[in-house]
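*Asks:* Chains as they are written, first to last, in this note's numbering: chain A, 1 to 385; chain B, 1 to 150.
Just so you know, the hints here were simulated from the structure itself, not pulled from any lab data. Every value quoted in this text rests on a predicted model; they were computed, and no experiment measured them. Even glycine gets a Cβ: it sits at the ideal position worked out from N, Cα and C. Treat the hints with caution; some may be incorrect.
What follows is a set of in silico ranges between Cβ atoms, one per label pair, in the way DEER data are often shown [said to hold, decoys possible]:
| hint | chain 1 | residue 1 | chain 2 | residue 2 | range |
| --- | --- | --- | --- | --- | --- |
| 1 | A | 304 | B | 111 | 26 to 32 Å |
| 2 | A | 151 | B | 70 | 32 to 38 Å |
| 3 | B | 126 | A | 103 | 44 to 50 Å |
| 4 | B | 16 | A | 272 | 54 to 60 Å |
| 5 | A | 248 | B | 24 | 17 to 23 Å |
| 6 | B | 125 | A | 238 | 20 to 26 Å |
This is what each chain is made of:
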Amino acid sequence: MSDKKAATRGPLTTPPSTPVRTPVQTLGEALAERGVSRRSFLKFASYTASILALPPTAATAIAQGLANARRQSVIWLSFQECTGCTESITRARTPSIEDLIFDFISLDYHHTLQNASGHAAEEARMAAMEENAGEYIVIVDGSVPLKDDGIYSTIAGITNLQMLEETVKDAFAVISVGSCAAFGGIPGANPNPTGAVPISDIITDKPVINISGCPPIPEAMTGTIAYLLSFAAIPELDHLGRPKAFFGEAIHDRCYRRPFYERGLFAKSFDDEGARQGWCLFEVGCKGPVTYNACATLKWNGGVSFPIQSGHGCLGCSEPGFWDLGGFYKPLSTAKGDPLKWAGGAAVVGAAVGAASAYAARNLRKKSLKAAAAAATPPTAEEKE
Amino acid sequence: MPRDARATCLDATVTGMALSVLAEVGRLLEALAASGQPGAIDLRSLPLTDADREQLEELLGRGEVQAELELTGRSEVWETAYPGAWWIRHRGAGDRIAAEEIAVCSVPDILLAHPDDIRAAARRLQHDLTTQQAPSAPEAGATNVETPHV
């Protein structure tokens, strides 16, 4: 998928001497006028390189790319969602280097954040599409209902499907934020009453970047946008369309409780002696071994903590079909039956657990993907009967 | 055991990672000395405990140069006791560490004045002199508005 979807940005790589439209300020020019110094740019670039797992020496290239980029038009579409993804990316904080990304984008349409409403809001969307044709990015949170002609979610008198297809038509790329947009999420959970599907099921002729999570880590969203602006290209993606920089490793692999797992030391219940000692939460349902995300490294709330550090197992929210994995508090060894059963047994003997769980994780991952694919497929007429 | 106490135990663990980083700094310094090739190590991407970080900082020591920068939050740069090895710490929201690296180079880029900024500064000072006004130092955090970032 990464190779197929890797694409350089056409219009944005056009030399400045041959502008398509009226020349506009570069980000460097615009921010310099506002007192954002060159060194601040370099600092932001160092921060971005770090969260993208790029070599620190890439910071200079990022700073140059950002300085020469134009302010990026972004149209944010919200479909079957809870607004948690917006809450995650816009958490109120004191102005800081992490927030500089919001100066790099022009958020031209967003239900929750825009002042305009009704016809004026829709006119803003159409204007942004026209003015930035071929260059704008569409961010989508929420899944799209297809059952019964999509009547279960409509905005401005049209279905989510119609709005998505209309808006994406001239976009440069699409970013699906949150597990609902990326994989169907909770609206797509069994029995999927609205026939909810992920964005990638509908949009097949544009690059679609999935930033899954319920919600996603803010840095995964802002870092991906920064990458697009800096390098005018799609970052390397995994087989589920997620940036490898954030989804390349299982939470378990970077978990600070991993040494207890290796030694076979597991909490058996919440608040037992093992839990108090900070032992591994595998047996109380932690899905860290099968969940690919950056929670254990980037953490949440500005790096304060993440669920496992706070004493609760990972829910696996960045994986397809996480809601239907069999129970948040059931260990992986029992949540989905046989393929994992012997992994749980091996866990008791500690040393063997690593290999066993890795095998189990791969199997569970395959089953999860099948389940998600099945859930995302609208039932046939025969199945309905 | 209270949760804070558990965290303290974890953070107090010395894993040996500091020695590995130190060896890498040594290799980068050799490369810098031999060919002038700069390098850097991103500390935030490494599973360093607080104790590891303290050990590394202690092992590298402090050299003659240190600088504090106010760049949308505080940043600190200091040369370690090994000239050419610089510790760079960028702080973000809540003064927490947003990025941290060891740069192996003559001088970190973030300390250098950019040529365009120097040219703009010369123009600004010349303007102040010709209008016979006291030189107007820009406010803290302000930048040269005549030139874009490059």
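*Asks:* Next, verify each hint and record whether it holds.
*Replies:* Each hint tested on the structure:
Between residue 304(A) and residue 111(B), the C-beta spacing of about 31 Å keeps the proposed range 26 to 32 Å intact. Taking the beta carbon of each, residue 151(A) and residue 70(B) are about 55 Å apart, not inside 32 to 38 Å as hinted. Our hint of 44 to 50 Å for residue 126(B) and residue 103(A) is violated, since their Cβ atoms are close to 31 Å apart. Taking 54 to 60 Å as the suggested C-beta distance range, the pair residue 16(B) and residue 272(A) does not conform, at roughly 31 Å.
Separation of residue 248(A) from residue 24(B) is about 22 Å and conforms to the stated range, judged on CB atoms against 17 to 23 Å. In this structure the hint that residue 125(B) and residue 238(A) lie 20 to 26 Å apart at CB is violated, the actual value being about 53 Å.
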